[in-house]
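A.B. asks: From these two lone chains plus the hints, build me the complex, please.
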Amino acid sequence: DSGVTQTPKHLITATGQRVTLRCSPRSGDLSVYWYQQSLDQGLQFLIQYYNGEERAKGNILERFSAQQFPDLHSELNLSSLELGDSALYFCASSVDGGLGNEQFFGPGTRLTVL
Amino acid sequence: DAKTTQPPSMDCAEGRAANLPCNHSTISGNEYVYWYRQIHSQGPQYIIHGLKNNETNEMASLIITEDRKSSTLILPHATLRDTAVYYCIVRLDGGTSYGKLTFGQGTILTVHP
Numbered sequence: 001d002s003g004v005t006q007t008p009k010h011l012i013t014a015t016g017q018r019v020t021l022r023c024s025p026r027s028g029d030l031s032v033y034w035y036q037q038s039l040d041q042g043l044q045f046l047i048q049y050y051n052g053e054e055r056a057k058g059n060i061l062e063r064f065s066a067q068q069f070p071d072l073h074s075e076l077n078l079s080s081l082e083l084g085d086s087a088l089y090f091c092a093s094s095v096d097g098g099l100g101n102e103q104f105f106g107p108g109t110r111l112t113v114l
Numbered sequence: 115d116a117k118t119t120q121p122p123s124m125d126c127a128e129g130r131a132a133n134l135p136c137n138h139s140t141i142s143g144n145e146y147v148y149w150y151r152q153i154h155s156q157g158p159q160y161i162i163h164g165l166k167n168n169e170t171n172e173m174a175s176l177i178i179t180e181d182r183k184s185s186t187l188i189l190p191h192a193t194l195r196d197t198a199v200y201y202c203i204v205r206l207d208g209g210t211s212y213g214k215l216t217f218g219q220g221t222i223l224t225v226h227p
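If you read the sequences in order, they're chains C and X. With our numbering applied, the first sequence covers 1 to 114. With our numbering applied, the second sequence covers 115 to 227.
Same shape as in the complex, but just chain X (with noise of 0.2 angstroms):
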């Protein structure tokens, strides 16, 4: 699975958009970006995928550059409970690899009232 880089910490105020940067410049053409995000010591939590077209879902908006090479999480209107650390992973679908989500550090983000 290609690597990615996250800033390790972000901060946002409360109401406001955040947004997650991820690298992962080494990307394949049959690689797809993950963003799950762990609350407090949590069991972590999916938020969306995609693979090259921009997605959105009730949660978060992902942005892919056209290149693949990095993307954005986009959390439209951050409240207090959005405080987590957010993984960016890319991963394979099957292969040896099946289901294996490889984690990295994450970016913790704070939002502040």
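Looking at chain C on its own, in the form it has when it is part of the complex (with noise of 0.2 angstroms):
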């Protein structure tokens, strides 16, 4: 168990919808970072936030947009969701983002657009 959560665990929803993925960070981490899986894609990095404000945008959509709030959780929102969205996203926390500082991953949301 990394010490990050992530809700929900999986989601099933349909092409034009919006959904919000929600993560919370392991205790005394201040960024948050977004992580998209899919089968012809790999891993990709999507946007980082540090104690509230963001600090690496990855190849993230458009459609796509995050948030860390003052308790240091944090949403990505999908909106307009296409079939290719479909995906494992994945949230992970560190101290910080500076070197050293491992990242944790949490379990993933399993997204299905159909």
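If you are wondering where the hints come from, they were derived from the structure by calculation, not from laboratory data. These figures come from a predicted structure and were not determined experimentally. A virtual CB, placed ideally from N, CA and C, is assigned to each residue, including glycine. Careful, some of the hints might be misleading.
[To be verified] Only pairs whose alpha carbons sit at most 30 angstroms apart, straight line, appear in this in silico BS3-like list of lysine-lysine:
#1 X/Lys-166 with X/Lys-117
#2 C/Lys-57 with X/Lys-166
#3 C/Lys-57 with C/Lys-9
#4 X/Lys-166 with X/Lys-183
#5 X/Lys-183 with X/Lys-117
#6 C/Lys-57 with X/Lys-117
#7 X/Lys-183 with C/Lys-57
[Claimed, not checked] Label pairs and their in silico Cβ distance ranges:
#8 X/His-226 with C/Glu-75: 39 to 45 angstroms
#9 C/Gly-16 with X/Asn-167: 33 to 39 angstroms
#10 X/Thr-119 with C/Asp-40: 42 to 48 angstroms
#11 X/Leu-165 with C/Glu-54: 24 to 30 angstroms
[To be verified] Some chain X residues judged to face chain C by a derived CB distance under 7 angstroms, without partners named:
#12 Cys-126
#13 Gly-157
#14 Tyr-160
#15 Gly-164
#16 Gly-213
#17 Lys-214
C.D. replies: Here you go:
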């Protein structure tokens, strides 16, 4: 158990819908990361937040957005869902984004868009 | 971040050492080598990281060549539970990359009884 929690575990929805994925980092970790893992793209970095502020951005679609709240939990919002958005979404946390601060990954949310 | 090259798959007998190679010939002086693994569809798990010295922890050893263009992750006594995809990642500290991890295809390690 990494200490990072993600809800829900599974999510099944239809195209065009909007969903919210939630992540609670390990106690004391200020940085939260979101990754997407699909069969054809592998594990891809989406976005990072540090203490409530966006710190780094990857290939995150405009239909996707995220935020980190004052209690440090984070939410990833996916809207206008397409079939290709079906994937595993992982959240990770670390003390900060610096070197040597390993990232601890949550168990993931499996999103299925029908 | 420097690109890495890993063999797509490897086999290892249970109880033997598993040696997983990684090439990172374009690595720069301030880039570190990280190893993570992913068991089935679980979240990736940090294993070890290093800059130029060899490193060891309770999970594994990391051997980095003197020119830093390649490295080897060693699992000293592989068990069936070590069957996973192993990712070698080279990353910068700070700058615009911050904590971003760039995962490649990794090596599928299968440990056999």
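A.B. asks: Take the hints in turn and mark each one as holding or not.
C.D. replies: Now for the hints, and whether the structure bears them out:
The hinted pair formed by X/Lys-166 and X/Lys-117 meets the criterion: a straight-line CA distance of about 17 angstroms does not exceed 30 angstroms. A distance of roughly 28 angstroms separates the Cα atoms of C/Lys-57 and X/Lys-166; the hinted pair therefore holds under the 30 angstroms criterion. Proposed proximity of C/Lys-57 and C/Lys-9 is supported: the alpha carbons are some 24 angstroms apart, at most 30 angstroms. For the hint pairing X/Lys-166 with X/Lys-183, the CA-to-CA distance comes to about 10 angstroms; that is within 30 angstroms, so the pair holds.
Of the supplied pair hints, the one linking X/Lys-183 and X/Lys-117 holds, its CA atoms being roughly 11 angstroms apart against a limit of 30 angstroms. Taken as a hint, the C/Lys-57 and X/Lys-117 pair is honoured in the structure, with Cα atoms around 19 angstroms apart against an allowance of 30 angstroms. Between the alpha carbons of X/Lys-183 and C/Lys-57 the distance comes to roughly 28 angstroms, so the proposed pair stays at or under 30 angstroms and holds. For the pair X/His-226 and C/Glu-75, the beta carbons lie near 42 angstroms from each other, so the given range of 39 to 45 angstroms is met.
Under the hint 33 to 39 angstroms, the C-beta atoms of C/Gly-16 and X/Asn-167, about 53 angstroms apart, miss the expected range. Judged by the Cβ atoms, the range 42 to 48 angstroms given for X/Thr-119 and C/Asp-40 is violated: they are separated by roughly 20 angstroms. Separated by about 28 angstroms at the C-beta atoms, X/Leu-165 and C/Glu-54 satisfy the suggested range of 24 to 30 angstroms. A hinted interface residue such as X/Cys-126 counts as satisfied when its beta carbon comes closer than 7 angstroms to some beta carbon of chain C; here the least separation is about 23 angstroms, so the hint is violated.
Checking X/Gly-157 against chain C by beta carbon gives a least distance of about 3 angstroms; that is within 7 angstroms, so the hint holds. A hinted interface residue such as X/Tyr-160 counts as satisfied when its beta carbon comes closer than 7 angstroms to some beta carbon of chain C; here the least separation is about 4 angstroms, so the hint holds. Contact between X/Gly-164 and chain C, as hinted, is not supported at the beta carbon level, the nearest pair being about 10 angstroms apart and thus beyond 7 angstroms. Because the closest C-beta pair between X/Gly-213 and chain C is about 3 angstroms apart, less than 7 angstroms, the hint holds.
Because the beta carbon of X/Lys-214 sits about 5 angstroms from the nearest beta carbon in chain C, less than 7 angstroms, this interface hint is met.
Of the numbered hints given earlier, the model fails hints 9, 10, 12, 15; all others are met.
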